Amino acid sequence: MSSEEIFEPKIVAFVCNWCTYAGADLTGTSRLKYATNVKIVRFPCTGRIDFLLLLKSFAQGADGIIVSGCHPNDCHYTSGNFHARRRWIAFRSILDMMGVDVRRVQYSWVSAAEGSKWADLVNNTVADIRALGPYTDYQKVADYLEKEVQDGEA
Amino acid sequence: MSKIGVFICHCGENISATVDVERVAREIGGMEGVAHAIDYKYMCSDPGQTFIKEAVKKYDLDGVVVGACSPRMHEPTFRRACAEAGLNPYLCEMANLREHCSWVHEKGEETTEKAIDLVKMLVEKVKKNNPLESIKVPVTKRALVIGGGIAGIQASLDIANTGHKVILIERDPSIGGHMSQLSETFPTLDCSQCILTPRMVEVAQHPNIKLYTYAELESLEGFIGNFTAKIRLKAKSVNYSTCTGCGACIQKCPVKKIPSEFNAGLGTRTAIYVPFPQAVPNKPVIDRVNCNYYKRGACKICEKTCQVGSIEWDKEDEIISEEVGAVVLATGFDVKGTDFFPEYGYGKYKDVLTGLQFERLASASGPTFGEIRRPSDGAIPKKIVFIACAGSRDPAKGIPYCSKICCMYTAKHAMLYQHKVHDGESTVFYMDIRAGGKNYEEFVRRAIEEDTVNYVRGRVARVYEKNGKLIVKGVDTLLGGEQVEIEADMVVLATAGVANCGSEQLAQKLHVSYDPYHFFAEAHPKLKPVETNTAGIFLAGACQAPKDIPETVGMASGAAVKVAALFSNNELVREPIIAVVNRLAPPLYSTCVGCFMCETACPYNAIEHEEIKARDGSLIRTIARVNSGLCQGCGTCVAFCRSKSIDIQGYTNEQVYAEVMSLLND
Chain A
91 MSSEEIFEPK IVAFVCNWCT YAGADLTGTS RLKYATNVKI VRFPCTGRID
141 FLLLLKSFAQ GADGIIVSGC HPNDCHYTSG NFHARRRWIA FRSILDMMGV
191 DVRRVQYSWV SAAEGSKWAD LVNNTVADIR ALGPYTDYQK VADYLEKEVQ
241 DGEA
Chain B
5 MSKIGVFICH CGENISATVD VERVAREIGG MEGVAHAIDY KYMCSDPGQT
55 FIKEAVKKYD LDGVVVGACS PRMHEPTFRR ACAEAGLNPY LCEMANLREH
105 CSWVHEKGEE TTEKAIDLVK MLVEKVKKNN PLESIKVPVT KRALVIGGGI
155 AGIQASLDIA NTGHKVILIE RDPSIGGHMS QLSETFPTLD CSQCILTPRM
205 VEVAQHPNIK LYTYAELESL EGFIGNFTAK IRLKAKSVNY STCTGCGACI
255 QKCPVKKIPS EFNAGLGTRT AIYVPFPQAV PNKPVIDRVN CNYYKRGACK
305 ICEKTCQVGS IEWDKEDEII SEEVGAVVLA TGFDVKGTDF FPEYGYGKYK
355 DVLTGLQFER LASASGPTFG EIRRPSDGAI PKKIVFIACA GSRDPAKGIP
405 YCSKICCMYT AKHAMLYQHK VHDGESTVFY MDIRAGGKNY EEFVRRAIEE
455 DTVNYVRGRV ARVYEKNGKL IVKGVDTLLG GEQVEIEADM VVLATAGVAN
505 CGSEQLAQKL HVSYDPYHFF AEAHPKLKPV ETNTAGIFLA GACQAPKDIP
555 ETVGMASGAA VKVAALFSNN ELVREPIIAV VNRLAPPLYS TCVGCFMCET
605 ACPYNAIEHE EIKARDGSLI RTIARVNSGL CQGCGTCVAF CRSKSIDIQG
655 YTNEQVYAEV MSLLND
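From first to last, the protein sequence lines stand for chains A and B.
In this text, residue positions in the first sequence follow the numbering used here: the first is 91, and each later residue adds one.
In this text, residue positions in the second sequence follow the numbering used here: the first is 5, and each later residue adds one.
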């Protein structure tokens, strides 16, 4: 990457409303700076996140994904973050088996009081994904599958 | 096609300083489905809201996106404005251009582009929004106050005086908290117990307050207006309905050497005990850990002494259930012990005390009846050193924050010492003197000028014992870093105020947030200081952060007003952010296949079985149905659903999908 211009990865963050979204608000209130690459999609709880959305995001050109919610035991809804964690553990191994680069997904916990942790998480994820380069592998698979579906229908 | 109105706020300069707001409005204005896009200096102001209302009518908008601050701040404001203009409030969304964009990025092209992306994302979402109706729920007009210190006492009395019932629970055998332990209070030097005990009695006698001492919260379920609290009444081993509080059992109890919690370990108590003479209720409990009977199965002297037969050996913990509509958390704080300080002797030196222990020495109700005497030999210390900021403002100790009260109580301690020991010499080592508050600075000046307390600006590196004296080695930074060594008879550490033990577990039971130091987190640092992020749960006092008595009382009254305001409604309006199972026309009825994975996912038992029956009453299928009263809208069921039949309003699959696609397709 050295000779070319710096690669700006597209990163989507799926966060819960109660901890990480509020934590990111605190980052703002504290005026801590971080990279512009990450855009937040708000969910009520990480337990709400359908992990197929992660694959869809990769198919649409995301280079990296952050999933972040409340710390264990701190879930606003008691147990949503445990469901999400368990789902992620299962999903991660499936992704890995499929050949999807699991380093592209950063799974974290940021509480409503951890404004600086959110800034660090974003900056570190951007740096990591930047080092990994653009992610197109899954996009190719998805494009191929879509084409096959269309051909099949035709 | 949709007709979306987009309103971009400058927030004064908070957004416009780093985001080119005109460009955002211009580019969004060109988006498909956007009928109207403007920017304005203060969208939340009256004229700003009027712009929205007028546009809704003029352009017949079917969706509104406001690009401004966090929706956690002003979403209700803009939704209300839309509702007033006749648009369903749930067709209004906010793009967070301030907390998530302008405040966290430098001015530049990328920042404006990110702002555009964020607004686009919400425009795509709002296209998929459905009009929703708010849910009305009843309010149980009874409050639960957790913690019987001055915060809990004040909050309970204030709520009770508005005519509502209060349940006050206290972990210890008596209410009173830390305030009851204090000798005199700054900056007036009025006796703490003299001002507190009348309030304690008022609590006990108030017709609207039900007091449970020696009780802890077991669990809290439900939601604002409709909580169910399970309270563990710990076994007191004494029947309070017959006990007269005569105290004969306490005098006869043979186990006398238990360090007294009330006296911060300086005095002793018996196994059957009342924490202090003015306790409310003034009836004893048996400490089962130390009682001879519970330890060895023999003794029962108290039972023989008791004239009314109140001792209940086999009493067990009882768990009661109470319905409440609001909760006030007033669990207070704790102070670090001297054992936290290796440099000051790990708590090994008997004459190195905490501020709280000094309070007990100075208190007329304390172990020395108000005389300042060394715990080691009972001698009156002629030289005393106070170390402020013991632990506080020290990142190396993991306590980077200021404990706020120590500057003031250290000045008070030095003053009290000088008043009691006229020929004594007192020195205070301090980092800075923080005396913000009415008459606070004057109070510190009085200590320095009238009571000739020697203030040394610098830190103490070490305290060690030599020939029965405590050698305090410090530095005087105002004398150019000169080393100071004082031979003291007593050293008092103004140890850091920390979160009360068990506060993390309590926060988890209540689902309220807490900070890295385990103090409970307020909903907004400035504008919602007594609210938590969990609706219906409020904060009072030092459980939120260290604070002094006037502030605690003010906060407690603030929390009480919030509770009273909540109770002024007969029913509450709840956001309709709940899950729904789709229903279709026969013969499909629903895409739900009745696997009930959602039921296993739901933390609120909100999933019911709905039987679809034919006209002859025969069962066609059983599908899931959401009880809208119980559902809290976490959406865990949505991720579990295999046939995508259950969806959550406000965060539907379609909405979320549209958001993600808009972010990535450009």
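Treat the hints with care, as some may be off.
Unchecked claim - Quick list of the computed label-pair ranges, beta carbon to beta carbon:
id, chain 1, residue 1, chain 2, residue 2, range
1, A, A217, B, R292, 53 to 63 Å
2, A, A217, B, L592, 45 to 55 Å
3, A, K237, B, E575, 48 to 58 Å
4, B, N586, A, D186, 26 to 36 Å
Hint data in this document are derived by calculation from the structure and do not stem from the laboratory.
Note that this is a predicted model, so its numbers are computed, not measured.
Heads up, the beta-carbon is just placed ideally off N, CA and C, and yes, glycines get one too.
Verification of the supplied hints:
1. A:A217 / B:R292: 53 to 63 Å: 56 Å, holds
2. A:A217 / B:L592: 45 to 55 Å: Hint holds: Cβ distance 50 Å, inside 45 to 55 Å.
3. A:K237 / B:E575: 48 to 58 Å: The hinted range 48 to 58 Å holds for A:K237 and B:E575, with Cβ atoms some 55 Å apart.
4. B:N586 / A:D186: 26 to 36 Å: 34 Å, holds
The structure fails none of the hints (numbered hints given earlier).
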